[in-house]
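Q: Listed below are the residues making up each chain.
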Amino acid sequence: MRQRIARRIVPALALAAALAIAGSGAARAAAGDVFPYPVHQKKLANGLNVMAIPFDSPGIVAYVTIVRTGSRDEVEAGHSGFAHFFEHMMFRGTKKHPGEEYNAELKAMGADSNANTSDDRTFYYIVGPAAKLETMAELESDRFMNLDYAEDAFRTEAGAILGEYSKGASNPFQPLDEKTRDVAFGAHTYKHTTIGFLADVKDMPNQYEYSKSFFKRFYRPENSTVLVVGDVEPEQIFALAEKYYAAWKPGYQAPAVAKEPAPTGTQRAHLDWPSPTNPYLTISYRTPAFAADRTWASLLVIEQLLFSESAPLYQALVVDKQWVDFVGGDSDPHRDPYLFGIYARVRSDELMPQVEGAILGAIAELRDRPVDAARLDRIKSHLRYSFALSLDSPLAVARQVGQIVWLTGDVAPLKQLWKEIEAVTPQDVQRAAREVFQEKGMTVVTLSHPAAPSTGKTEGGAR
Amino acid sequence: MSARRASLRTFALVAAGMFALAASGLAQDGTTAAASATAQRVTISPKEPAPAGTIELVTLPSPQSPIVAIRAFFRTGSIDDPAGKEGLADLTASIVGEGATTKRSYKDLVEALYPLAANIQAQTDREVTVFSMVVHREKLDEATALLAEVLTQPAFDSNDLERHRKDSLSYLQTTLRAANDELLGLEAIQDQIYAGHPYGHADTGTVKGLGAITLDDVKRFYREHYTTGNLWLGVAGGYPAGYPERLAKTLAGLPAGGATVRTLPAVTPPTGRDILIIAKEAASTGIHVGYPLPITRADADYYPLMVVNSYLGEHRTFNGRLQTELRGKRGLNYGNYSYIEHYAAPPFTTNPTPNVPRREQYFSVWIRPVQPENAQFALRGALYEVQQLADKGMSKEDFELTRDYLLGYSKLWAQTLTRRLGFLLDSKFYGTPYWIDEIGKHLATMTVDDVNRAAKKYLQTDHWDGVIVAGNADALKAKLESDAPSPITYKNAVPPDVTAIDPTIAKLPVKPTKVEVVPVASMFEK
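Chains as they are written, first to last, in numbering that gives the first Met the number 0: chain A, 0 to 462; chain B, 0 to 525.
Just so you know, the hints here were simulated from the structure itself, not pulled from any lab data.
Some hints here could point you the wrong way.
Pairs of lysine-lysine residues, derived as DSSO-like cross-links and limited to a Cα-Cα distance of at most 27 Å, are as follows [claimed, not checked]:
hint: 1; chain 1: A; residue 1: Lys439; chain 2: A; residue 2: Lys178
hint: 2; chain 1: A; residue 1: Lys215; chain 2: B; residue 2: Lys328
hint: 3; chain 1: A; residue 1: Lys95; chain 2: B; residue 2: Lys328
hint: 4; chain 1: B; residue 1: Lys102; chain 2: A; residue 2: Lys320
hint: 5; chain 1: B; residue 1: Lys391; chain 2: A; residue 2: Lys95
hint: 6; chain 1: B; residue 1: Lys248; chain 2: B; residue 2: Lys427
hint: 7; chain 1: B; residue 1: Lys106; chain 2: A; residue 2: Lys320
hint: 8; chain 1: A; residue 1: Lys215; chain 2: A; residue 2: Lys201
hint: 9; chain 1: A; residue 1: Lys201; chain 2: B; residue 2: Lys490
hint: 10; chain 1: B; residue 1: Lys328; chain 2: A; residue 2: Lys94
hint: 11; chain 1: A; residue 1: Lys42; chain 2: A; residue 2: Lys215
hint: 12; chain 1: A; residue 1: Lys211; chain 2: B; residue 2: Lys490
hint: 13; chain 1: A; residue 1: Lys320; chain 2: B; residue 2: Lys490
hint: 14; chain 1: A; residue 1: Lys95; chain 2: A; residue 2: Lys211
hint: 15; chain 1: B; residue 1: Lys440; chain 2: B; residue 2: Lys395
hint: 16; chain 1: B; residue 1: Lys106; chain 2: A; residue 2: Lys379
hint: 17; chain 1: A; residue 1: Lys414; chain 2: A; residue 2: Lys42
hint: 18; chain 1: A; residue 1: Lys190; chain 2: A; residue 2: Lys178
hint: 19; chain 1: B; residue 1: Lys248; chain 2: A; residue 2: Lys320
hint: 20; chain 1: B; residue 1: Lys455; chain 2: A; residue 2: Lys201
hint: 21; chain 1: B; residue 1: Lys328; chain 2: B; residue 2: Lys102
hint: 22; chain 1: A; residue 1: Lys94; chain 2: A; residue 2: Lys242
hint: 23; chain 1: A; residue 1: Lys190; chain 2: A; residue 2: Lys211
hint: 24; chain 1: B; residue 1: Lys138; chain 2: B; residue 2: Lys248
hint: 25; chain 1: B; residue 1: Lys138; chain 2: A; residue 2: Lys379
hint: 26; chain 1: A; residue 1: Lys242; chain 2: A; residue 2: Lys211
hint: 27; chain 1: B; residue 1: Lys490; chain 2: B; residue 2: Lys478
hint: 28; chain 1: B; residue 1: Lys328; chain 2: B; residue 2: Lys455
hint: 29; chain 1: A; residue 1: Lys414; chain 2: A; residue 2: Lys439
hint: 30; chain 1: A; residue 1: Lys95; chain 2: A; residue 2: Lys242
hint: 31; chain 1: A; residue 1: Lys95; chain 2: A; residue 2: Lys215
hint: 32; chain 1: B; residue 1: Lys248; chain 2: B; residue 2: Lys391
hint: 33; chain 1: B; residue 1: Lys138; chain 2: A; residue 2: Lys414
hint: 34; chain 1: A; residue 1: Lys418; chain 2: B; residue 2: Lys395
hint: 35; chain 1: B; residue 1: Lys476; chain 2: B; residue 2: Lys395
hint: 36; chain 1: A; residue 1: Lys211; chain 2: B; residue 2: Lys328
hint: 37; chain 1: B; residue 1: Lys490; chain 2: A; residue 2: Lys94
hint: 38; chain 1: A; residue 1: Lys320; chain 2: B; residue 2: Lys218
hint: 39; chain 1: B; residue 1: Lys513; chain 2: B; residue 2: Lys476
When you get a sec, could you build the whole thing from the sequences and use the hints?
A: This is the structure in structure tokens:
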């Protein structure tokens, strides 16, 4: 597989990237030491953001390109899914390095290479030998500047996209995600998933000309970041960037993404599933656009308060009552107002109201009462150590840093967010809960088998 | 968490688009900042066979690292499930790894581990059960005490049994049957290949087997198989001097006993082409083909066959012919890969998972969902590639490119400390030096003749088991049985080499010996 969609691949907790302890052999850094690795940054004259982060991975680098364009930017009707489709086309090569040659070059260096698309960005990476940095820069700059593909190849790739849609279609989370967005959004492009509406996916083979305009408008240096992590010298990266990217012409045209009006009431929807299944419950709340502020720091803490294994709600639903197969939640930061998503698979249809009641009850408690300060401290400790353990490879570091860059366009908010998390008080949590968990911003979508018996057992039949 | 629990949770997270949720412990493989992709010196000690009943240590020091990775590797797995109690090994691992101890409730255990961000994960495969933990060395002592308590003082609480039993049943009945057709096929192909063999049921077990398991069964399984003699204790990272020995001493409270590794019966190879169609409501069709292989990482032939396989279908890359031919040129689906050994949870990872070693291995081809009208053609297309490679081998240029690729790429599989430790334990299992080093050593002296000999010896398309997950089962069965040509039409222009070869592929003889249609509701039942 290449180019999988990994929506929200580094979600909220990654933002705890702010929480620094690690570093090679480092003891815990003092608060305020946002990130243990120095970030070297330079902007080229054409607006390209270049970043280098030395990391102790002898001989290995992650070479990452982030384009701040995702399915959020698909503003024209009938073209949902194009940011992701376009990511696939980026592997079809240029006149200088046709797709097969591009792949052969990467293969020859023993590299791991892939890309993924989400609502707000497209993320391309190569992990391979540091000795081949110049080849990476040459290949990547060439395709970002000179992508060239024929209509036949375009139409063939559209088949692979349909295949990607198909492989997800047996999973209830695909329609649940589609329905949640459709119900929760009216004007904003978050209304559709990253892979796009099925009708649009099926029409993709006919949209060759549109695809080229997508490249011209969005794949521009001032909308992009080149981030190299690993066994690198920052000056070497800056020199390579000048050499290979300076000719990339600016010309980004920001799409006019419609603003979503404030929600005005709880929305509910239900989906039928053809196979016998335990029912699914999803509850989403409108969140503000991401910012490195106290509200977002509190939301990251709230994820833990509600859904970590030590959370009372988790313990009640999973361990004591055993009403669910799983339950979880994600604050899911986005560039524009999006959704705090909560999901559960419930052990029977009859239990659905009780599980929903338990979740809403735990949320109400966050709104009504300040949380225990000692518990807050334990959460901060967990976040700090989780982060230390998560910085496990050049690519992992690139994802952590990349997320703050695609969300905000800058790396500086990382430090700010850390300060905010350290400073979160019980009152902050309560304030954020009151702001985000409002009934008028709630969307509930359920999924079940229409004839499902409620015993948790499935019924027969090939159907 | 167990492999099944991990799958369940990965499923939920991936599906919900919440992949890297660090709290899950899944996204973080545990690591060291000093994670060198180049294999470092690793030690397996003691080199001599240990006296029966003693814990064997496998260490991988990395003094500069702030991280310590631990893997308690027990040589027991689903092959030790008693008949009629399928799922016992996995359920035991879940109850031990994610359950109460005699000193504290499961809730209190979670509470104690939480501020350390040190999850204990249990993973069960056919032959091995591993409990792994990654912890910052500042918190090593606290985490060690908890790990030792979990392993040596399980409470076997009935509430834990019921919770994990329900999880296992949900995995079989909902996740596999109704929520992920790819995982369904990947489990089912193993059941097919190993029918009648101890490998022949999912690690999670069967619905019937799970229903029959009692707390006494779990206790007995623990007593018989979680013995000091079955444990290889792996420790890696920036631990203090003497730590592995200290940890081993704290684990001396495990049941005393020597190794209990079960002798495996021979695997019966397939005769002809035996296809199982799993009938369910499905908009697309997923295809799996496989047969037993007589070699593992312990055999010299494994390494040339690894090169052959990389060229045929390297997992989730664009480097295999299956992928470039079926997806790249024809746009039939999203992915097509091949394997020469078991590959855990392939939809969720791009790297091999440590600690799923097996004495018996299998070759397999995974064709991700295709449009139903193209299913027969896709099957033929994949088999065509396999047979071509068996018959004609690789060119010298392709061989050299693939060899060089694997030399670099395989180093990327071991970027983190816990992965290196895992592969080191697997190497001990196979009785070889460190796997990643072995790859480098064998590839350095390999020739194109070596790989082509391996291709001819191990690849074939006449005798295999197939699993197809399909919505049009009866119609597909009729098509497969008739073996009539399955010409394909494209909405797009395809390259001339495709047009030239398609008619040959469309009439490739793939006459099945048997095609059986079963309803999805009967899968994993008993």
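Q: Give a verdict on every hint.
A: Against the structure, the hints come out as follows:
Using a Cα cut-off of 27 Å, the hinted pair lysine 439 (chain A) and lysine 178 (chain A) holds, with the two alpha carbons roughly 18 Å apart. Annotation: proposed proximity of lysine 215 (chain A) to lysine 328 (chain B) holds, straight-line Cα distance about 26 Å (limit 27 Å). For the proposed pair lysine 95 (chain A) and lysine 328 (chain B), the alpha carbon gap of about 20 Å is at most 27 Å, so the pair holds. A threshold of 27 Å between alpha carbons decides the hint, and for lysine 102 (chain B) with lysine 320 (chain A) the separation of about 22 Å falls inside it, so the pair holds.
Taken as a hint, the lysine 391 (chain B) and lysine 95 (chain A) pair is broken in the structure, with Cα atoms around 32 Å apart against an allowance of 27 Å. The suggested pairing of lysine 248 (chain B) with lysine 427 (chain B) holds, with an alpha-carbon distance near 21 Å, which does not exceed 27 Å. Distance restraint check for lysine 106 (chain B) and lysine 320 (chain A): the Cα-Cα separation of roughly 13 Å lies within the 27 Å cut-off, and the hinted pair is therefore satisfied. Among the hinted pairs, lysine 215 (chain A) with lysine 201 (chain A) is consistent with the structure: their alpha-carbon atoms are about 23 Å apart, no more than 27 Å.
A hinted pair counts as satisfied when its Cα atoms are at most 27 Å apart, and lysine 201 (chain A) with lysine 490 (chain B) qualifies at roughly 11 Å. A distance of roughly 18 Å separates the Cα atoms of lysine 328 (chain B) and lysine 94 (chain A); the hinted pair therefore holds under the 27 Å criterion. Straight-line distance between C-alpha atoms of lysine 42 (chain A) and lysine 215 (chain A) comes to about 21 Å, which keeps the hinted pair within the 27 Å bound. Among the hinted pairs, lysine 211 (chain A) with lysine 490 (chain B) is consistent with the structure: their alpha-carbon atoms are about 20 Å apart, no more than 27 Å.
For the suggested pair lysine 320 (chain A) and lysine 490 (chain B), the alpha carbons sit about 53 Å apart, so the restraint of at most 27 Å is broken. The hinted pair formed by lysine 95 (chain A) and lysine 211 (chain A) meets the criterion: a straight-line CA distance of about 18 Å does not exceed 27 Å. Our distance criterion of 27 Å between C-alpha atoms is met by lysine 440 (chain B) and lysine 395 (chain B), whose separation comes to about 19 Å. A C-alpha spacing of about 19 Å is found between lysine 106 (chain B) and lysine 379 (chain A), which places the hinted pair at or below 27 Å, so the restraint holds.
For a cut-off of 27 Å, the pair hint linking lysine 414 (chain A) to lysine 42 (chain A) stands: about 20 Å separates their Cα positions. Restraint check: the Cα-Cα separation between lysine 190 (chain A) and lysine 178 (chain A) comes to about 9 Å, which is no more than 27 Å; the hinted pair holds. With a C-alpha separation of about 37 Å, the suggested pair lysine 248 (chain B) and lysine 320 (chain A) falls outside the 27 Å cut-off, and the hint is violated. Pair hint lysine 455 (chain B) plus lysine 201 (chain A) does not hold up; C-alpha atoms about 41 Å apart against a cutoff of 27 Å.
At roughly 61 Å between alpha-carbon atoms, lysine 328 (chain B) and lysine 102 (chain B) are farther apart than 27 Å, so this suggested pair is violated. At roughly 19 Å between alpha-carbon atoms, lysine 94 (chain A) and lysine 242 (chain A) fall within 27 Å of each other, so this suggested pair holds. Distance hint between lysine 190 (chain A) and lysine 211 (chain A) is fulfilled; the C-alpha atoms sit about 24 Å from each other, no more than 27 Å. Straight-line distance between C-alpha atoms of lysine 138 (chain B) and lysine 248 (chain B) comes to about 19 Å, which keeps the hinted pair within the 27 Å bound.
Of the pairs offered as hints, the one joining lysine 138 (chain B) and lysine 379 (chain A) holds, with about 15 Å between alpha carbons and a cut-off of 27 Å not exceeded. At roughly 26 Å between alpha-carbon atoms, lysine 242 (chain A) and lysine 211 (chain A) fall within 27 Å of each other, so this suggested pair holds. Restraint check for lysine 490 (chain B) and lysine 478 (chain B): the C-alpha separation of about 23 Å stays at or below 27 Å, so the hint holds. Straight-line distance between C-alpha atoms of lysine 328 (chain B) and lysine 455 (chain B) comes to about 26 Å, which keeps the hinted pair within the 27 Å bound.
A C-alpha spacing of about 33 Å is found between lysine 414 (chain A) and lysine 439 (chain A), which places the hinted pair above 27 Å, so the restraint is violated. This hinted pair checks out: lysine 95 (chain A) and lysine 242 (chain A) have alpha carbons roughly 17 Å apart, not beyond 27 Å. Of the pairs offered as hints, the one joining lysine 95 (chain A) and lysine 215 (chain A) holds, with about 19 Å between alpha carbons and a cut-off of 27 Å not exceeded. With a C-alpha separation of about 56 Å, the suggested pair lysine 248 (chain B) and lysine 391 (chain B) falls outside the 27 Å cut-off, and the hint is violated.
At roughly 25 Å between alpha-carbon atoms, lysine 138 (chain B) and lysine 414 (chain A) fall within 27 Å of each other, so this suggested pair holds. Restraint check for lysine 418 (chain A) and lysine 395 (chain B): the C-alpha separation of about 58 Å exceeds 27 Å, so the hint is violated. Our distance criterion of 27 Å between C-alpha atoms is broken by lysine 476 (chain B) and lysine 395 (chain B), whose separation comes to about 40 Å. Under the criterion of a C-alpha separation no larger than 27 Å, the hint pairing lysine 211 (chain A) with lysine 328 (chain B) is consistent with the structure, at around 21 Å.
The hinted pair formed by lysine 490 (chain B) and lysine 94 (chain A) meets the criterion: a straight-line CA distance of about 25 Å does not exceed 27 Å. With a CA separation close to 24 Å, the supplied pair lysine 320 (chain A) and lysine 218 (chain B) stays within the 27 Å bound. Only pairs whose Cα atoms come within 27 Å are accepted, and lysine 513 (chain B) paired with lysine 476 (chain B) is accepted, the gap being roughly 10 Å.
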